[in-house]
Each structure stands twice: as structure tokens, then as C-alpha cells.
Amino acid sequence: MRPFGYARVTDADSAIAMVQESRDGAFLAGGTTEVDLVRQNVLRPALLVDINDLPLNRVEELPSGGLRIGALARMSDVAQAAGVVERFPMISQALLQGASAQLRNMASMGGNLCQRVRCSYFRDVTSPCNKRDPGSGCAALSGFNRGHAILGTSDKCIATHPSDVAVALVALDAVVHTRGSRGERAIPIDDFFLLPGDTPEQEHPLEHGELITAIEIPATPIAHQSVYLKFRDRESYEFALVSVAAALRVADGVVAEVRLALGGVGTKPWRARRAERSLLGQPAQEASFAKAARQELSMATPRPLNSFKVELAQRAIVRALTTLTNGDAR
Amino acid sequence: MDSHVVAAPEESLDSARTVALNVNGHARELRVEPRVSLLDALREHLGLAGSKKGCDQGTCGACTVWVNGRRVLACLTLAVTCEGREVTTIEGLSADGQLHSMQAAFVAHDAFQCGYCTPGQIMSAVALLAEGHAADDREIAEWMSGNICRCAAYPHIRAAIRDVRDAAGGE
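These protein sequences, in sequence, are chains B and F.
Quick note: the first sequence, position 227, residue 253 per this note's numbering, numbers continuous.
Quick note: the second sequence, position 29, residue 37 per this note's numbering, numbers continuous.
Keep in mind the hints are simulated off the structure, nothing from the lab.
Each hint should be verified, as a subset may be incorrect.
[Stated by the list, open to error] Listing some non-contacts, in silico: residues in chain B with all C-beta distances to chain F over 12 Å: (1) Pro29; (2) Pro81; (3) Ala133; (4) Asp217; (5) Pro231; (6) Arg260; (7) Pro309; (8) Thr351.
[Claimed, not checked] Computed footprint of chain B on chain F, listed as stretches where at least three residues anywhere in the stretch have a Cβ under 8 Å from a Cβ of chain B: (9) 36 to 50; (10) 129 to 139.
The beta-carbon is built from N, C-alpha and C at its ideal position, and this holds for glycine as well.
This is chain F alone, in the form it adopts within the complex (with noise of 0.2 Å):
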């Protein structure tokens, strides 16, 4: 039954394996332990410290990235299962030296305080505009609901979410 044996014979299962990773479109290589978290391996490993860890237990959306296009939590994903797929976090939203519409558009109205959960916020906000679920502020409340806000700057978070949203001349 040699073939469902993934890690060579002389390594423990358990222990660091070289993982190879596209972050932000740039094709990384890390050594890390099956327990490594996604959000661990970005910041601690990669230096990319933009994704927060706020509770490390999925609950408060801080540490939201992509994983092929799709906005997940990276404090309950663990490193080794996004080989082969691609990251994309709040370092690489802009492009050129350009903040991404929804940056602006945050710093625009004041749409954070302590700026903790801003990059995830935004991670979350970009992936519901793609999602098509921000056709009024209730509906934009309900699909941003993952993403806590400890200063309360949901007013301006949705301002910001609904100016983008006009612009795009989307829904």
C-alpha cells in the first residue's frame, strides 16, 4: 500500500515539508509543519503582515484572504492544503503603486479607526462586489457580517463598499 504514502520514508509525516505556494501571483517556497496555519505561513514566513490574526479561531474575519479567487479564513486553513492553488492577499490588491479602488474608497470615508480589521474588510468587501450580493446596505450587512469591526465603522465600511459598487456601475 506504498502508493497513499505521500511524505518519503525517512521523513516523518509530521514533520516541516517543503511547500510550494502561489502568493499574490508570485510562486513561493516555505518550509512548514502540516499545523502551520495559512495566516501563520503569509506572516511569519512570507513577511506579507497585511492579514491580521485577531482570534485565530474564525471568528472575526481579519485574517481573510483568497484561495483561488474565493475569500476564506486563513486561521483556519492550514498551509500545506493551498499548494497548487493560488493566494491572494491584502498586499496583493494594488497594482503599480495604485490602491485597488476599495483602499481609496476606505480612506476616502474614514472607513476604519484602529485599522485592524481594514484588510480583511477589504478582502471581504472586493469578493462581494464579485459575489453580486451589495444591492442595498442590508443585504451588504448580512454578506460583510463575517468581517467584525471592533471600532464599529460599519457605516463608513458600507459607504465606502456602495461608492465602489456605483462606480463599477455594477448592482
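Bound conformation, chain B alone (with noise of 0.2 Å):
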């Protein structure tokens, strides 16, 4: 590994100042991605300015009904956390479906939202990709793109956000709170997450040395019936090939609020949003679920490898809305 500087701070004033300061500065949390990424030669920092001192891992339970989760929470601790599990099911199942007890146990909320791509090619420093070296091309295009995005996708990177709870907090429209230079700010989830572009090396409107502080969800009383699913190669401890965040409330037979988001496809942890309007005012009943599905799919750009992924993710959105009419889901 390449040697680097590392100083820790108990104030977030001065880990923003400091990394600020160093041109090739980052913050460290849990650093499940950061490490691995570091001895990888992929990330190559200067200076690591070690956060996890900062008061910020509080889940707090807004008196609106919503929540207030630090940066610095970790995974086990949020997916257990009892206004989480009540308020807001598919964060915790999204969470316990994710990574394994040990990396739960390390990785913070804060630092899950900023992880990396899984790309095989963005983790092999011999290979082009653009987002590791913008402009040497992507390796993903013609090469092993199985694990691949569908969506959101451009020519110069099809790599998906490997992320679970991020899929949950998009279809709850979360907001991401954050401190920097130029003062605090409140930047909507889905427009946290940028698409690939031309630029695929941008990936969050972050600034250098701007700190995530804390993910807000507003109150959202259909998400107190609301589902995660995710399916993958193996039972646990896999990344999705595909996975389906779900709220739905249903009044006199027909769909009266939805919620729903897709992982594994998308470039970014996707809000299925042309879904949600096809289903609004339909019939609850699979043939709507199945049209809506479709509807979303039908912008996909599958390569040759990853083209089950069209029909598997209109299965597992079917199945999704099924699991929550059926009242299946808690």
C-alpha cells in the first residue's frame, strides 16, 4: 500500500479544513471500501482524516414521524434501531440484506451512500476505465458486464451503484445534510447520486472536503407496510443482481400511493418513477404491476450479458407489489 498521512479529529470544522487543505485528502469512516480501495492502488490519498470520533451516529426519531440517521451510524446499528425497524421496514431489511455482520458492524450510513462501484475494471488498475482514469475508455462495454447496469447507463460507463439502503432511501426520498466550506446544505437523494454521462468520474455533487453530516427521511406512513427485495447469485452476502424497494397503499381496489426503487440495474439506485405513475389510480392486481414493470424496463439498454436483467427486474417489481397487497410484507 502507498504510505498516506492520517490524523483524527473530534470536530467537523476542523475534518473539513483539513482535508480542505490537502489536495488528495479524504475522510476515513468505517473504511470497508476506502482501505481495500487504497491497497488497491485505485484510490491513492494523501491524507486520510479519520472522522469516526465526530458525534454523528444518533438515529433519531423526528416528532413528524420521520428520521434523522448520523453519517457516522453504522449499518448494524440502524438496521436495528427501533423507529428504523417500525417506522421505515425496507431501510432495515435493505440493510440486514446487505455486506456481512462484520462489514455492518464497520461501515457507516454516511460512507455506504459514498462507496464505490463494484466494476471489476474500475478495481483493476490495468484496465481503462473512465471513471478511475476519465478518458481511457470503459473496459465494461465489451468485456464481463453481467453484473452491469441497465439503466442510466452511457458509453462511458455502465457500471451499477452497488448500494442497498441507498435504493431504499431514494424511494423514501431521503435528504442528504452536509457541511462544507461554503456552510451547511440539504441535497435531495436522487439528485445526490449523478448519472454517468460524460463524466462518470463525478459521481455526487459533493465538493473537495465536504462532509456528509446526516440522512433525513421525511415521515412516510405507507413506508410503515414497505418491503426490500433483492435477488442475487447467493443466499447472502452478495451484491443484487437485481432488488426492489416497495411501498404501496391501496384504497377501494385501486393504487393510491406508491414507492418504488430498483437496485443492481441502475447506474445509479434507481426511482422507478414512470412505474409509480402507470400504477396510480389502476387496479391493484398483477396485470397493472406487470404493465408498470414494463413500462419502467422498456428504456433499458441490456448488453449481451446482462439482457436477463430486463425480465428479472419486471419479475421482482411484480413480486414486490404482489408481497404488499398480499400483506405479506411487515
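Two chains, each in its own frame: build the complex with the hints.
Printed below as a string of C-alpha cells:
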């Protein structure tokens, strides 16, 4: 591993200033992605500023019915927090289906949003990769792309965003709170994740040295009964081929409210707005679900190795919505 | 802005520094660079070779140790970040020369073949019972999925865990 500097700080302003002053400085939270990628020479920080002592690990139930999750709260703690389990089961389910118990004890929520893609070409420094080395090309386009994205792709990058919990957060219109040299700001989570377009190296709108402080989730009564379904090559400790975060309210047999987001298929956690629009006012039946799923996936740009995801994603959407209408979820 | 410079002025930020660790209840001091993982610090600097280096990329779980009582991966943990925290390794599990009940159960159930993943499996298994996620085999398998056994001793590992769970009158 290349050498780097290290500093441990106890207040946010010092952390922000230190990273800003070091051109190749970065925050260090759980380190589960970062330490790995530094060791593989994919990331080359000059300085890691350890923020684990900052007081940002609370999970706070808001009187409104919402939730405020500190950026340094660990995945394992958030997954079992009473307010999360009761108000937003899809968040708890997504967290518990991600990574392993050890990794969930380490990984922070802010870091989860900032985690890098699992594309093997991104992680292999001998391969071209526009995300790691802008302008070098994309080896995944004609390479082994079975796990890659079919939505939101560009001819520069087709890597999927690997997070599970971010899919639930996108479905719930979460807001990412940050702090930087220009003060604090609140970024709607759908704007936090950028499509690759021509600049896949730019994954989120954070400035250098801007720190995520919290993730806020607005009160969402329909999420009290919600699901996160994940389909993958093995039953545990594996990234999604397709996943679905869903919440649904049916009134008089028709869909009155719905939230739907997909993982494993998009270059960002994918809010299925086409499907949501299609569902509203329709009978809460399998035919409507299938039609909505078809509409969402009509824009898919599959590659030969991942074309199976088009069908799999549609079936997953139908399964999630059926699970909710059958009352099998909690 | 001197307040946030942690290293002494004459000392480069990336050079080795003295790190005070608490390992298995003992205060230990070592000089390491920031890039040294907790796993390498334990194995190479402190002579505690029980924690194993399998993948060195957070995939296999052979390096599982506890930091402040929680199971984590030592290969993805930088040693410097553990200053002021309590580290427990497989060497810290037994007391007074007696095997921990989980160690004894692994022996009794033949829960290993090559034994390389075993220290990580045991550190995970003890933590698993404390976490309360061992109600049935399915739950044990799910919550032990971060520990890979290339010899596939999984049925015996689960049997060992069940034994300790039942002996403790747990769930």
C-alpha cells in the first residue's frame, strides 16, 4: 500500500479544513471500501482524516414521523434501531441484506452512500476505466458485464451503484445533509447520485472536503408496511442482480400511493417513476403491476451478458407489489 | 490553524508513529505507519498470529476480531484508528488455560478441516450468540455468511454454535 498521512479529529470543522487543505485528502469513516481501494491502488489519498470520533452517530426519531440518521451511524445499528424497524422496514431489510455482519458493524451510513462501484474493471488498475482514469475508455462495455447496469447507462460507464440501503432511501425521498466551507446544505437524494453521462468520475455533487453529516427521511406513513426484495447469485453476502424497495397504499381496490425503487440495474439507485405514474389509480392487481414494470424497463439498454436483468427486474417489481397487496410484508 | 495538525511539526504525516493499543486486555505500544492494517499490526508487530490473512480485501472473514466488543475485519481496519479502543483476538478468548466454550465445541464437532478460517469463525460465532441471531440454522447461516470456509465445514460449524447456544440456555 502507498504511504499516506493520517489525522484523527474530534470536530467537523477541523475535519473539513484538513481535507480541503490537502488536495488529495479524504475522510476516513468505516473504511470498508476506502482501505480496500487504497490497498489496490485505485484510490491514492495523500491524507486520511479519521472522522470516527465526530458525534454523528445518532439515529433520531423526529416528532413528524420522520427519521434523522447521523452519517457515522453504523449499518448494523441503523438496521436494528426501533424507529427504523417500525417506521421504515424497507431500510432495515435493505441494510440486513447487504454485506456481512462484520462489514455492517464497520460501515457508516454516509460512507455507504459514497461507496465506489464494484465493477471489476474499475478495481483493476490495468484495465481502462473512465471512472478511475477519465478518458481511458470503458472495458466493461465489451467485457464481462453480467452484473452491470441496464438503466441510466452511457457509452462511458455502465457500472451499477452497489448500495442496497440507498435504493430504499431513494424510494423514500431522503435528504442528504452536508457541511463544507460554504456552510450547510440539504441535497435531495435523487440529486445526490449523478448519472455517469460523459463524466462518470463524478458520482455525487459533493465538493472536495464537503462532509455528509446526516441523512433525513421524511415521514412516510405508507412505508410502515414496506419491503426490500433482493435477488442475487447466492442467498447471502452478495450484491444484487436486481433489488426492489417498495411501499404501497391501496384504497377501494386501486393504487392510491406507491413508492418504487430498483437496485442492481441502474448506474444510480433507481427511482422507478415511470412505474409509479403508471400504477396510480390502477387496480391493485398483477396485470397493472406487470404493465408498470414493463414501462419502467422499456428504456433499458441491456448488453448481451446482462439482458436477463430486463425480465428479472420486471418480475421482481411484480413480486414486491404482490407481496405488499397480499399483506405478507411488514 | 495549528489546532488540527496532529503530527509534530518535524514529523511527516505518513511516517511511523507510536500507537498505543489495548489488545486482549493488555496495553501494547507499537510503531507503525498509518497504512498498516490492524491485521498486520497484530500478526507482524505484536506476534499474535491467530488472526489469519485470507483475502486481505474484506471478503473472507479469516481476520475477524472484535473492536470495542464488536466483530469487525482487521484487514480493512487501520491500526492507528484503534488507539483508545479495545481489541480482542482469538488469543484473548481463552482464560486460565481453558478453552472458551466455543473453541471446545469446535473441537468436539470437528468444525474445521484445514483450520485456516477457524479463528475468524470462532470470533464471529461468539459475537453471533451475543448479538442474539442464532435462533435456527437458517439464521446462523445468514449471520455467519461473512466467514468463508473453503473446506465447507459449515454443517459442523453450525452444530458447534447450536451446542454453545443451547448450553448457555440462550435462544
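Hints versus structure:
no., hint, verdict
1, Pro29, "violated, 4 Å"
2, Pro81, "holds, 15 Å"
3, Ala133, "violated, 9 Å"
4, Asp217, "holds, 30 Å"
5, Pro231, "holds, 25 Å"
6, Arg260, "violated, 9 Å"
7, Pro309, "holds, 36 Å"
8, Thr351, "holds, 26 Å"
9, 36 to 50, "holds (count 4)"
10, 129 to 139, "holds (count 4)"
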